[in-house]
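Colleague: Residue-level listing of the chains:
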Amino acid sequence: MNCSIIRYIICRVLEFQALFLLLSAVVALIYREQAGWAYVAVAVGCFLVGWLGKKLKPRKNQFFAREGFVTVSLSWIILSLTGALPFWLSGEIPEYTDALFETISGLTTTGSSILPNVEALSCCNLFWRSFTHWIGGMGVLVLILAILPLAGGNNMHIMRAESPGPTVEKLVPRVRHTARILYGIYMVMTVILILLLLVSGMNWFEATTLAFGTAGTGGFGVLNSSIASYNLSSQVLITVFMILFGINFNVYYLFLIRKGKEALKFEEMRYYLLIIAVAIGLITWNVRGMFDSIWEAFHHASFQVASIITTTGYATTDFTLWPVFSQTILVLLMFIGACAGSTGGGIKVSRIVILFKLIKNEISHMLHPKRVNQVRFGGHVVPKETWRAIQVFLFSYIVIFFTSLLAISLCNLDFTTNFTAVATTLNNVGPGLGLVGPLGNFDVFANPAKWVLMFDMLAGRLEIFPMLVLLASPAWRRG
Amino acid sequence: MQIIIVGCGNVGSTLTEQLSREGHNITVIDRDGEKMEAVATQYDVLGIVGNGASFSVQNEAGIEQADLLIAVTQSDELNLLCCLIAKKAGNCHTIARVRNPVYVKELPYIRDELGLSMIINPEHAAALEISRLLKFPSAIEVDTFAKGRVELLKCKVEAGSPLCNLPLTDISSKLRCDVLVCAVERGEEVYIPGGNFELKENDIISLVASAQKANEFFKKVGMATNRIRSVMIVGGGETSFYLAKMLLPMGMDVTIIEKDKERCNELSELLPRALIIHGDGTERNLLQEEGLENMQAFVAWTNLDEENVMLSLYAKHVSKAKTVTKVHRIAYDEIIASLNLGSVMYPKYITAEYILQYVRAMQNSIGSNVETLYQIIEDKVEALEFYVGKQSPVAGIPLKDLELKDDLLICCINRRGQIITPGGQDTMEPGDTVVVVTTNTGFNDLKDILK
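Residue numbers (the numbering used here), protein chains in the order written: chain L, 63 to 541; chain X, 5 to 455.
Bound-form chain X, shown alone:
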């Protein structure tokens, strides 16, 4: 596809990297020549210096041939204007990033009235991710498929867990749990496990199940499934606000620690039921005073990576809290991964991820049948949701008779809202959606799973 990206900031460059790798033709527009140049040389894309909302600049970038324009500059209004002009000039799909909380309730209205394809609010998206995580305290990462009916959870096999040295076939027979382990990370290696695969200590497993079954599974293997009732958030930014707004109705007690007095006042106005503390979240006494020891979840969401990492390490040390840590710099991700920080989130990935999902779904109409796509393990394993068409060559044949490629697993079948964890006798019927986990990237259609 021909894609124009306006704005070469964090998200812009991440998107450029991902989309260009997936084979799209990208043109980037940025006012800052140097930034544009850096992105244009690093990834194989075309760069233009100028204001993305200008018609002539868009023309120069080839708006008439473009399939999609993504506006991710600093300014919400500029992003919206870019999309409006692009809509008129090129009649293409448009995606804008709008992060001002004032608009958050009106986003669907703005999107529909202005004819945009998608509006993304990065802070809101991040908060949504965190809240999903806190719903499943045992998981490191949570994604949803089939419109939220199926959860894809990642969790770690702790020492002494009944899962240790357990062949996967025994999960359903011995534990009587209807979950499917679809990927296992062991150190640097990633496996798509077969039935005889034995789990080891410190493996990170990805499993697919409905929310209810996932909870059942966690209970049986002795991972804490107690619902989280108290959350402490350090840093009172927009993400924290959205997060608190999502957690409070779930009956959680939310404590937010924020340095800036003015912001504290704002938050206490917006969140009457949250406990807003004015103070430095890195102060040990303050954390103790506010009862960090008894917290069940701890979210380090300040603007400094170092602070966040340190705070989460401290929280892990003094409490049993589930920790969520925000990290901006991707460069050190291996080190951070080795730190036992619990869940680590890279905000710009979250935004990029959402947009990528849309782009992939867009291809749907052009020739691919991918409904949603998640990268379970960065660059190595993907989970794809496909729609089964009427003429699909896989429809109606029991799974055991299909000649499937290696390193591939069909995790679940969603038949009109009913979730089936497939065995060998199950079939994929037209109208179903199926989730496929694979290490082969680049699947565009369900028939690609055949040899």
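Just chain L, same shape as in the assembly:
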């Protein structure tokens, strides 16, 4: 293992973290808040450590898959640890564990909060909470890749470890340019959303923070009522953009290079939109009696479906009061998640579709034992390595899910709360059902349970393997 290159990259990550924190300090300056000093202090600290550590050039530039995985998971852990400091130092979240939970929840775009009263936070803290969504949505290392020449030519290992989905496709020959294009699309879409939200009647602060939360498919709001108190046009805007940010960004690239026809044929997107349409239809029908008109039911159903399947986690209404059928659909959507290559979490539509196709293939194989058949997705044959990795992913996912469920059950809360708490963190959604519903929060759990859920959030965002690699001994073997 080439530890020096890992150290070098993590130092660069710290420098970026300093930059991000300063942005929050600027917000504090605008609103004249004392909490800003905490950001300045942590930013200076991060920058000094990063700058000093970077001085020592790495001995070798060699960089392989192992280094890629370890770099990514360590970077995320360090970003979380340092990102939690301002919350804690400013005294607004007195417990460091809680501050860390909030930061990880932000960075992994989960949006689960331990705060009973969000409105009590100062603006710079609220901004930082939402901004971590935006950073975490596309990934910090992808951003760094877009800007800095890192690790010789083997950047693909980093990209692969950080980007969600079963495979990572380069859009253009160079990883760096690919990363730039992705961030370009991401930024432009975010700016468009901010402007539209301003037009719909929000103020600058709300528009920016909510746009960050939507873009990263995070889910932190700035009001206790999440999105419920905003006007209809804002809610509709957020619904549409949540769905848009849940689509594979390659689709937008195809539109950019004027291959709109190919973009519309994107198989994963079609399934994704189909699932959304079916879910909205079923829930609208199921909850129609609870609202004044069918349109209102449709509006809330579509907002909730978009929010949950893209793993954002905003809420316009308390869906824990909905019929069990609707709640169950929402829980299923948590597991499905958004498209690969988007900012959303979950198992991902492409994995689910490929797994279903594997079932179909297996059945056909039982009827014709000598049949040669291959799984096709998006017009291409899915290579054996990919679908094998998906199967292993699914099983690891299940193992982590149930281990976590067992662990947090020690808190002795009800099953619905436990089950949806793990589901919502592992899939980076945000709210669950029961005590952790849209109006509840995660403070009901004891500290050890929070640590388990924090691990789940990181594992969910990095798609399990980078975290497992970090824990696995082969990664740390000499040579």
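Honestly, I wouldn't trust all of these hints.
Using 30 Å as the maximum straight-line C-alpha spacing, the simulated DSBU-like pairs for lysine-lysine come out as follows [unchecked claim]:
{"id": "1", "chain 1": "X", "residue 1": "Lys-394", "chain 2": "L", "residue 2": "Lys-232"}
{"id": "2", "chain 1": "X", "residue 1": "Lys-265", "chain 2": "L", "residue 2": "Lys-432"}
{"id": "3", "chain 1": "L", "residue 1": "Lys-323", "chain 2": "X", "residue 2": "Lys-249"}
{"id": "4", "chain 1": "X", "residue 1": "Lys-109", "chain 2": "L", "residue 2": "Lys-323"}
{"id": "5", "chain 1": "X", "residue 1": "Lys-263", "chain 2": "L", "residue 2": "Lys-422"}
{"id": "6", "chain 1": "L", "residue 1": "Lys-327", "chain 2": "X", "residue 2": "Lys-249"}
{"id": "7", "chain 1": "L", "residue 1": "Lys-422", "chain 2": "X", "residue 2": "Lys-249"}
{"id": "8", "chain 1": "L", "residue 1": "Lys-422", "chain 2": "X", "residue 2": "Lys-265"}
{"id": "9", "chain 1": "L", "residue 1": "Lys-419", "chain 2": "X", "residue 2": "Lys-249"}
{"id": "10", "chain 1": "L", "residue 1": "Lys-432", "chain 2": "X", "residue 2": "Lys-324"}
{"id": "11", "chain 1": "L", "residue 1": "Lys-432", "chain 2": "X", "residue 2": "Lys-320"}
{"id": "12", "chain 1": "L", "residue 1": "Lys-432", "chain 2": "X", "residue 2": "Lys-249"}
{"id": "13", "chain 1": "X", "residue 1": "Lys-160", "chain 2": "X", "residue 2": "Lys-109"}
{"id": "14", "chain 1": "X", "residue 1": "Lys-139", "chain 2": "L", "residue 2": "Lys-432"}
{"id": "15", "chain 1": "X", "residue 1": "Lys-224", "chain 2": "L", "residue 2": "Lys-446"}
{"id": "16", "chain 1": "X", "residue 1": "Lys-455", "chain 2": "L", "residue 2": "Lys-446"}
{"id": "17", "chain 1": "L", "residue 1": "Lys-327", "chain 2": "X", "residue 2": "Lys-109"}
{"id": "18", "chain 1": "X", "residue 1": "Lys-320", "chain 2": "L", "residue 2": "Lys-446"}
{"id": "19", "chain 1": "X", "residue 1": "Lys-265", "chain 2": "L", "residue 2": "Lys-419"}
{"id": "20", "chain 1": "X", "residue 1": "Lys-263", "chain 2": "L", "residue 2": "Lys-419"}
{"id": "21", "chain 1": "X", "residue 1": "Lys-394", "chain 2": "X", "residue 2": "Lys-320"}
{"id": "22", "chain 1": "X", "residue 1": "Lys-263", "chain 2": "L", "residue 2": "Lys-446"}
Honestly, the hints are just simulated from the structure, not real lab data.
For chain L, the structure is supplied; the task is to place chain X on it using the hints.
Modeller: Leaving out everything else, chain X in the frame of chain L:
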């Protein structure tokens, strides 16, 4: 015409034989002296040893005087290069064989951009033939005229069929079917039947009709016209691939059995909707397992003639499937014909046939008016499609008043896309194309049909 043929393989020698018999002057070029020698001595042609793509070799073969160069060597690229050089050196027509499936979609582009007259892909052509056959399950052979509007079908009169002992005039009156029987094979004999000709059991009849009318006819005489819905192909070569590609959009279920695992993977990649089975197609259990009994068509297309023949016999035995069998060796064709194999295909004939059609059409511009030509029955009966010119002596005269040669039949008239099955009152008008079936070979113009 002066024709240069590069490559003396299967197709090269078949072409040489046919074209030399039709009176063209042939020069063959091959790298292999022995092969060239064998062809040059067997047929009355000139042989040159050398690389056909070389300018000096082409010069030696008289490229400047040549009207046509046909490149049918093993290599696609060499064939294309031969044609390019010939085009520059002799400004003649060129035909290349290109069989690599990679190029199959681009063939029209390659042909136009490189200025070739024709490119033929033998496997693709064979697949096209088979798919046409499977469209008409009752026919043994199917050809098309008039740009696909008219079908020329061959089928067998089975025992107990209403056609037995039926005079041909009764087909239109009793069965109310607008089809024309244009040739009858009875044992070794071939007849161009008149109206009073009576059909017998085991006759093989050739009939001309539009696709719709042909189906109607088959239904009325009780031959199965049920559309084929399931096809089993043994052997996963390029032909099978093209065939599956053509059959799948028609809504047929295609099963391909192939021995080679790698090839199976390739096929399953290329044909997601086909059922690709990895296994030995000669294994009886496997065929049963995959439901041969219920198949409606069976195509034996492996590389071994013996296997193909055996498989088709077996398929005939256990199922009602229409069988198509590939045979390479022509030497035993009488025996194979006596085996009740259904349709038998000789791939090299298919290629040669396509090229011959082009050569004949080329003569069109030199003095003949043949649009297309098919040999319905090998060396005995031809079906020719003619264009009726403005000054044609036959134009405008009712058929019954024309003094036609014996053993000749005008099967259909295509008037601006409308197909007429001609009776005595009908006339041939300028601008029509007509299909003439005859036992007299060597017709070059429509006026040749007159006495």
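Colleague: Compare the structure with each hint and give your call.
Modeller: A quick look at each hint next to the structure:
1. Lys-394(X) with Lys-232(L): Given pair Lys-394(X), Lys-232(L) is violated - Cα atoms ~64 Å apart, limit 30 Å.
2. Lys-265(X) with Lys-432(L): holds (10 Å)
3. Lys-323(L) with Lys-249(X): holds (24 Å)
4. Lys-109(X) with Lys-323(L): holds (21 Å)
5. Lys-263(X) with Lys-422(L): It holds: about 24 Å lies between the C-alpha atoms, which stays within 30 Å.
6. Lys-327(L) with Lys-249(X): holds (22 Å)
7. Lys-422(L) with Lys-249(X): holds (22 Å)
8. Lys-422(L) with Lys-265(X): Judged against 30 Å, a Cα distance of about 21 Å means the pair holds.
9. Lys-419(L) with Lys-249(X): Roughly 22 Å between the alpha carbons, so the hint for Lys-419(L) and Lys-249(X) holds.
10. Lys-432(L) with Lys-324(X): The given pair, whose Cα atoms are some 24 Å apart, holds under the 30 Å limit.
11. Lys-432(L) with Lys-320(X): This hinted pair holds, its Cα atoms lying about 24 Å apart.
12. Lys-432(L) with Lys-249(X): holds (21 Å)
13. Lys-160(X) with Lys-109(X): Distance ~36 Å between Lys-160(X) and Lys-109(X) Cα, so the pair is violated.
14. Lys-139(X) with Lys-432(L): holds (29 Å)
15. Lys-224(X) with Lys-446(L): violated (53 Å)
16. Lys-455(X) with Lys-446(L): This hinted pair is violated, its Cα atoms lying about 72 Å apart.
17. Lys-327(L) with Lys-109(X): Satisfied, since the Cα-Cα distance of roughly 22 Å is no more than 30 Å.
18. Lys-320(X) with Lys-446(L): violated (39 Å)
19. Lys-265(X) with Lys-419(L): holds (22 Å)
20. Lys-263(X) with Lys-419(L): holds (25 Å)
21. Lys-394(X) with Lys-320(X): violated (51 Å)
22. Lys-263(X) with Lys-446(L): Holds - the C-alpha atoms of Lys-446(L) and Lys-263(X) are around 21 Å apart, at most 30 Å.
Violated hints for the displayed structure, listed by number in ascending order: 1, 13, 15, 16, 18 and 21.
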